[in-house]
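2 protein chains.
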Amino acid sequence: MSKIDKSYAIIGTGAIGGFYGAKLQNIGLDVHFLLHNDYDHVRQNGLVVESPEGNIILPQVKAYKNAENMPKCDVVVVALKAINNAILHDILPFILKDDSILLLLQNGLGVEEELANFLATIDKKAKIIGGMCFVCSNKVGPGYIRHLDYSSITLGEYLPNYQSAGITEEMKQIAVNFEQTGIPIELCEDLLLARWKNLIWNIPYNGLSVVLNARTDEIMSSQDIRILAEELMWEVVEGAKAYQRIIPEAFVKKMLDHTEKMKPYRTSMKLDYDEKRPLEVEAILGTPLRKSQEAGVELPKISMLYRQLKFLDQQNRAEKSQQKA
Amino acid sequence: MSKIDKSYAIIGTGAIGGFYGAKLQNIGLDVHFLLHNDYDHVRQNGLVVESPEGNIILPQVKAYKNAENMPKCDVVVVALKAINNAILHDILPFILKDDSILLLLQNGLGVEEELANFLATIDKKAKIIGGMCFVCSNKVGPGYIRHLDYSSITLGEYLPNYQSAGITEEMKQIAVNFEQTGIPIELCEDLLLARWKNLIWNIPYNGLSVVLNARTDEIMSSQDIRILAEELMWEVVEGAKAYQRIIPEAFVKKMLDHTEKMKPYRTSMKLDYDEKRPLEVEAILGTPLRKSQEAGVELPKISMLYRQLKFLDQQNRAEKSQQKA
Chain V
1 MSKIDKSYAI IGTGAIGGFY GAKLQNIGLD VHFLLHNDYD HVRQNGLVVE
51 SPEGNIILPQ VKAYKNAENM PKCDVVVVAL KAINNAILHD ILPFILKDDS
101 ILLLLQNGLG VEEELANFLA TIDKKAKIIG GMCFVCSNKV GPGYIRHLDY
151 SSITLGEYLP NYQSAGITEE MKQIAVNFEQ TGIPIELCED LLLARWKNLI
201 WNIPYNGLSV VLNARTDEIM SSQDIRILAE ELMWEVVEGA KAYQRIIPEA
251 FVKKMLDHTE KMKPYRTSMK LDYDEKRPLE VEAILGTPLR KSQEAGVELP
301 KISMLYRQLK FLDQQNRAEK SQQKA
Chain E
1 MSKIDKSYAI IGTGAIGGFY GAKLQNIGLD VHFLLHNDYD HVRQNGLVVE
51 SPEGNIILPQ VKAYKNAENM PKCDVVVVAL KAINNAILHD ILPFILKDDS
101 ILLLLQNGLG VEEELANFLA TIDKKAKIIG GMCFVCSNKV GPGYIRHLDY
151 SSITLGEYLP NYQSAGITEE MKQIAVNFEQ TGIPIELCED LLLARWKNLI
201 WNIPYNGLSV VLNARTDEIM SSQDIRILAE ELMWEVVEGA KAYQRIIPEA
251 FVKKMLDHTE KMKPYRTSMK LDYDEKRPLE VEAILGTPLR KSQEAGVELP
301 KISMLYRQLK FLDQQNRAEK SQQKA
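Which chain is which? The protein sequence lines are V and E, in order. As numbered in our numbering, residues 1 to 325 make up the first sequence, in order. As numbered in our numbering, residues 1 to 325 make up the second sequence, in order.
These are calculated hints, taken from the structure and not from any lab test. Be aware that a few hints might be false.
Because identical chains share one entry, a pair is satisfied inside a single copy or across any pair of copies.
Within a straight-line C-alpha distance of at most 25 Å, the following computed SDA-like cross-link-like pairs (lysine to any residue) qualify [claimed, not checked]:
| id | residue 1 | residue 2 |
| --- | --- | --- |
| 1 | K62 | E50 |
| 2 | K263 | Q314 |
| 3 | K310 | M262 |
| 4 | K291 | D224 |
| 5 | K97 | E238 |
| 6 | K97 | E282 |
| 7 | K253 | H36 |
| 8 | K263 | Q315 |
| 9 | K263 | K310 |
| 10 | K261 | D90 |
| 11 | K139 | E238 |
| 12 | K253 | K310 |
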């Protein structure tokens, strides 16, 4: 697989998959979108990305309701919430080639390992690349994405037990396509380090936005909560250290600084909460906590945030089912 | 001051002052109620306490709008939120005799010390007794208290620097009057220990009820939050230990057990929050945290709860002033 322009399958055409998929199609790449609820709308009307970097209007996209109708693609982009990954078992067998790259644009720890284990059971050999997006984008309607700020992706290739894979050929190939669209790409030699670094932002901001009903700007403009966010970040640094991954102090400062300058943003977990969808509590908080505990490190504030979120998630969805009843 | 039936001034006729004051008047004691917003209503209609132990209807009570019109009383019961204690400076000079007892039915650490410092500045010699109420009661309307469960008070006398005062004569005298009304009284030789024990309940349940929008029964029926409440209790035990006060494990278990059996209860802090009143965050969490830090002990989960509550309190009252504007 050496051609430069790859074909892409986008699994999950929401805030993430819709945004990056539209960017890729917009520069002329062959992109295939798998949809569920929005299928009819997108098949008829295509995709819209509203963005300060320039709007993208794609009146026609290749939309699919079932993976079995999709072609096998060079790159399969998983842009589902990790909580829904079980459905991949019914999707991936249809669209993976032997030399496909599986690119997981997902939050949380451990997602690559889980999928690698699944691929082994179906005897597929795809390379797995973890992609951590630093992007503010929301799906505001069917096939309608509002991109607010940032768009960069950090890529790291998975090897068993999260051994460091270095900068691989597959990572470079994906980077070429994404960079053509104007998306900044960072290549990371060590996926596990990149995953922990990603949690530096995701744990405090996703978590506190739900518990405190707050946007990022409200979090940053409160002296108390800005301190609490930073304290949570230092606990993530401790968790990473338990796996010999060192997150530099400058990275923590950079995340605080980026968030301070960010346009007021409702995090993805807060959006899920407001829509009464299940929260990514396990991938973002539960797994890192358990991994830290296994390595003998307690993270008391992350543990407290995790319990608070589990409670709020349960209450939130219990209310939803009561409303339905 | 050796007469058995004492005269009482009740400063703050709400869920606490209204309940205990009505109990005292109901057995024939001379009780004087200081009121603010509810003055007109209570002067005309008296007080009602609805209670599973028997309702109390007092069509006439001695109600006052200004302390200067009140007689000097044997016992001055302060049943304000600690956050409002500054107004005592304009009240106490009128109603304290040289041998009055000042009984503080308030939450939090340090309230006795603050008042002792104030009394010194006005050259008054009243004894100060801290009273920690374990009671579920709410003011549901002007002069209308709904008592739900429990009613006991733990008394401890204040000595400078919270030295242990032992069981004093004044404590016994107050106990006689309260016990006549059916209120269980526990006398405690060491006020500081009693105050820390009181925080075992107040910190987790008041705090979590606001952050998680939950009643006590919802807190206790969630496995995660029940564990979190207990973890917060163990941090209180650590704080007390920093001052050589040992809270036995059995006491923690008793508080969990009591709360499990408690009728579903909206805590006083949650009521304040719902009414957009200022929260007792400093007395209940801020002062214990600072005292612990001064003694070299960090309480990470209480610190996190404290910051969350300060944020929510600010947002809550900012909304209120916006609504007014």
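Structure-based check of each hint:
Only within a single protomer do K62 and E50 lie at most 25 Å apart by alpha-carbon distance; the minimum there is 20 Å, versus 68 Å between protomers. In this assembly of identical chains, the alpha carbons of K263 and Q314 lie at most 25 Å apart only when taken from different copies (22 Å versus 30 Å within one copy). Only between protomers do K310 and M262 lie at most 25 Å apart by alpha-carbon distance; the minimum there is 24 Å, versus 27 Å within a single protomer. For the identical chains of this complex, K291 and D224 are inter-copy neighbours only, at 18 Å across copies versus 28 Å inside a copy, given an alpha-carbon limit of 25 Å.
Within a single copy, K97 and E238 get their C-alpha atoms no closer than 39 Å, and across copies no closer than 59 Å, so neither meets the 25 Å cut-off. In the homo-oligomer, the alpha carbons of K97 and E282 never lie at most 25 Å apart, since the shortest distance is 30 Å inside one protomer and 62 Å across protomers. When the C-alpha separation of K253 and H36 is checked against a cutoff of 25 Å, the pair qualifies neither within a copy, at 39 Å, nor between copies, at 50 Å. Taking identical chains as interchangeable, the C-alpha atoms of K263 and Q315 lie at most 25 Å apart only when they sit on different chains, with a minimum of 20 Å there against 30 Å within one chain.
In this assembly of identical chains, K263 and K310 lie within 25 Å of each other by CA distance solely across copies; the values are 24 Å between and 28 Å within a copy. In this assembly of identical chains, the alpha carbons of K261 and D90 never lie at most 25 Å apart, being 41 Å within a copy and 48 Å across copies at closest. Taking CA atoms no more than 25 Å apart as the test, K139 paired with E238 passes in neither setting, with 34 Å inside one copy and 47 Å between copies. Proximity of K253 to K310 under the C-alpha cut-off of 25 Å is restricted to the inter-copy arrangement: shortest distance 24 Å between copies versus 28 Å within a copy.
The structure fails to meet hints 5, 6, 7, 10, 11 from the earlier list, while all remaining hints are met.
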